[in-house]
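Line by line, the protein sequences are chains A and B. Using numbering that gives the first Met the number 0, the first residue of the first sequence is number 0, and each one after it goes up by one. Using numbering that gives the first Met the number 0, the first residue of the second sequence is number 0, and each one after it goes up by one.
Each hint should be verified, as a subset may be incorrect.
A pair counts as met if it fits within one copy or between any two copies, since identical chains are not told apart.
List time: in silico DSS-like cross-link candidates among lysine-lysine, alpha-carbon distance up to 25 Å [to be verified]:
id	residue 1	residue 2
1	58	77
2	198	300
3	300	187
4	204	187
5	198	22
6	216	190
7	274	19
8	198	281
9	19	187
10	22	58
11	190	300
For the record, the hints were derived by calculation from the structure and aren't laboratory data.
Residue-level listing of the chains:
2 protein chains.
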Amino acid sequence: MSLTVVGSMAFDALETPFGKTDKIVGGAATYISLSASYFVEPVNVVSVVGGDFDQDHIKLMHQRNISTEGVQVKENEKSFFWSGRYFNDMNSRETLVTELNVLGDFDPIIPESYQGCEYLMLGNLAPQVQRTVIERLNVRPKLVVMDTMNFWMDIALDALKETIALVDVLSINDEEARQLSGEYSLVKAAKVIMAMGPKFLIIKKGEHGALLFNEDKVFFAPALPLEEVFDPTGAGDTFAGGFIGYIASTNDTSFENMKRAVIYGSALASFCVEKFGTERLKNLIQEEIDARVQQFVNLVKFTTIEQ
Amino acid sequence: MSLTVVGSMAFDALETPFGKTDKIVGGAATYISLSASYFVEPVNVVSVVGGDFDQDHIKLMHQRNISTEGVQVKENEKSFFWSGRYFNDMNSRETLVTELNVLGDFDPIIPESYQGCEYLMLGNLAPQVQRTVIERLNVRPKLVVMDTMNFWMDIALDALKETIALVDVLSINDEEARQLSGEYSLVKAAKVIMAMGPKFLIIKKGEHGALLFNEDKVFFAPALPLEEVFDPTGAGDTFAGGFIGYIASTNDTSFENMKRAVIYGSALASFCVEKFGTERLKNLIQEEIDARVQQFVNLVKFTTIEQ
Numbered sequence: 000m001s002l003t004v005v006g007s008m009a010f011d012a013l014e015t016p017f018g019k020t021d022k023i024v025g026g027a028a029t030y031i032s033l034s035a036s037y038f039v040e041p042v043n044v045v046s047v048v049g050g051d052f053d054q055d056h057i058k059l060m061h062q063r064n065i066s067t068e069g070v071q072v073k074e075n076e077k078s079f080f081w082s083g084r085y086f087n088d089m090n091s092r093e094t095l096v097t098e099l100n101v102l103g104d105f106d107p108i109i110p111e112s113y114q115g116c117e118y119l120m121l122g123n124l125a126p127q128v129q130r131t132v133i134e135r136l137n138v139r140p141k142l143v144v145m146d147t148m149n150f151w152m153d154i155a156l157d158a159l160k161e162t163i164a165l166v167d168v169l170s171i172n173d174e175e176a177r178q179l180s181g182e183y184s185l186v187k188a189a190k191v192i193m194a195m196g197p198k199f200l201i202i203k204k205g206e207h208g209a210l211l212f213n214e215d216k217v218f219f220a221p222a223l224p225l226e227e228v229f230d231p232t233g234a235g236d237t238f239a240g241g242f243i244g245y246i247a248s249t250n251d252t253s254f255e256n257m258k259r260a261v262i263y264g265s266a267l268a269s270f271c272v273e274k275f276g277t278e279r280l281k282n283l284i285q286e287e288i289d290a291r292v293q294q295f296v297n298l299v300k301f302t303t304i305e306q
Numbered sequence: 000m001s002l003t004v005v006g007s008m009a010f011d012a013l014e015t016p017f018g019k020t021d022k023i024v025g026g027a028a029t030y031i032s033l034s035a036s037y038f039v040e041p042v043n044v045v046s047v048v049g050g051d052f053d054q055d056h057i058k059l060m061h062q063r064n065i066s067t068e069g070v071q072v073k074e075n076e077k078s079f080f081w082s083g084r085y086f087n088d089m090n091s092r093e094t095l096v097t098e099l100n101v102l103g104d105f106d107p108i109i110p111e112s113y114q115g116c117e118y119l120m121l122g123n124l125a126p127q128v129q130r131t132v133i134e135r136l137n138v139r140p141k142l143v144v145m146d147t148m149n150f151w152m153d154i155a156l157d158a159l160k161e162t163i164a165l166v167d168v169l170s171i172n173d174e175e176a177r178q179l180s181g182e183y184s185l186v187k188a189a190k191v192i193m194a195m196g197p198k199f200l201i202i203k204k205g206e207h208g209a210l211l212f213n214e215d216k217v218f219f220a221p222a223l224p225l226e227e228v229f230d231p232t233g234a235g236d237t238f239a240g241g242f243i244g245y246i247a248s249t250n251d252t253s254f255e256n257m258k259r260a261v262i263y264g265s266a267l268a269s270f271c272v273e274k275f276g277t278e279r280l281k282n283l284i285q286e287e288i289d290a291r292v293q294q295f296v297n298l299v300k301f302t303t304i305e306q
């Protein structure tokens, strides 16, 4: 099975209570593709970078069987740059700098070799661009998963709803679900959002876990209680990459399998937050992933007894 | 097995986005004893009320095999009264009125018939009063569970820590755990708090579920995603009542059994919030409780497959 991922590849500069970084590699497609690469190959990336992008990171992607054929390089321009500062609780942050640069007029190109991919992950981007990617695929993928943010709800709600109507799975956080639906109860919000088109909805609650909805069914995956969250940047994208990667590797889009995919996504995200940026995602081994998944199993496992 | 519960019996006046109530029966011991009564009998209550207290409620308690022999009645005084208003998100509230009345100089009396109880639940009260109850039991119960609030951390921290050192299980919410420990990470907070004495710690996270800690082990129980939270008053006490009630009924204080107890507590709490005050807790039937517990089982259940 092959997976195509579209999203930003960027430089981030981060400040957390534990320290700060210079420009390091970030971006939705970066985290998604690294995370998914532990499950499926090839992972085909559609993105755009400037001539300043980190070539060592491109090499790392190739080592992990991630194709960058769909990554446009604009030699005389600069890569997308975001700088942010996390507050002490690590759950809230402020944006210090956003420089769109090459992302400002991103026109996604789908290489011929990506055509026919069975799985498509639309990382957070302008909803018009996400829609263009769907339209430029000759064959509708078996499953289209979309991530987005409140930013697009604020400035491009109509375009966002048009794209949402085209996808199978939407992944957003709890505040975004409330904003998009106008409902405070997440159960009610899920009904409103699934009526917009997606058959499946993932509501991410950060340190409080994630909910997966489908029709009248709901599944809850906890987040692992961690001693230390070092840097939450990319956790949502890493989750999405593990989710779609697991589904692609098993080629099973049933609700039962999606539950497992949510757990694998949560496991990958729990690694991501342990170090700055993509550091922890560069060389995971299968045994680590399996052991982390087992921690999720143990965390919620209880047996019922007959009274 | 017998269970003794100490805590307030009170009148509450509530305002929520869904409506408001006149004075209705509330208080920690009220919710705890009603909830526990679905698991164990007798439930022995130690409390104090004024001459104004609701006699119909006392009758209801007797019907549910809850003993009020330890409930002092001060005929010429008034019962504890609390009035509060919930905000739209139902997770935060403001106190409008607090009248301690009979609770101001509460000196708990343990009837002879309560002596020898195997289980003790200390509902939220002044920590000195909670400690007095422990001291007035001739035989140390098999398990002592304590609930408390940030209020006592603010005004009586030393006395609170002295009582905490005497109990087996402490039940507090996430913000209280952070305040008591000085640690933001709940995993770190749990270590600090268990070092104060309790072998087990429950951290309640409201709509985000609850964590149970013991040594290096942790269990997570989700809250049920509900369409509507009508009135959260008493949910924490109802949780505690279901928790200790289940443990008393099974007479098993192992970590494995406490996991089940957390689920039963969560199930009872999920009923509590469906109507104002104690309304929904007055006449549950076993089939409803079993079905609700099954919803918790289904919510987190997933199967792992060999890849």
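Taking the earlier hints as the rules, which of them does this structure contradict?
When the structure is compared with the hints, numbers 5, 8 turn out to be violated.
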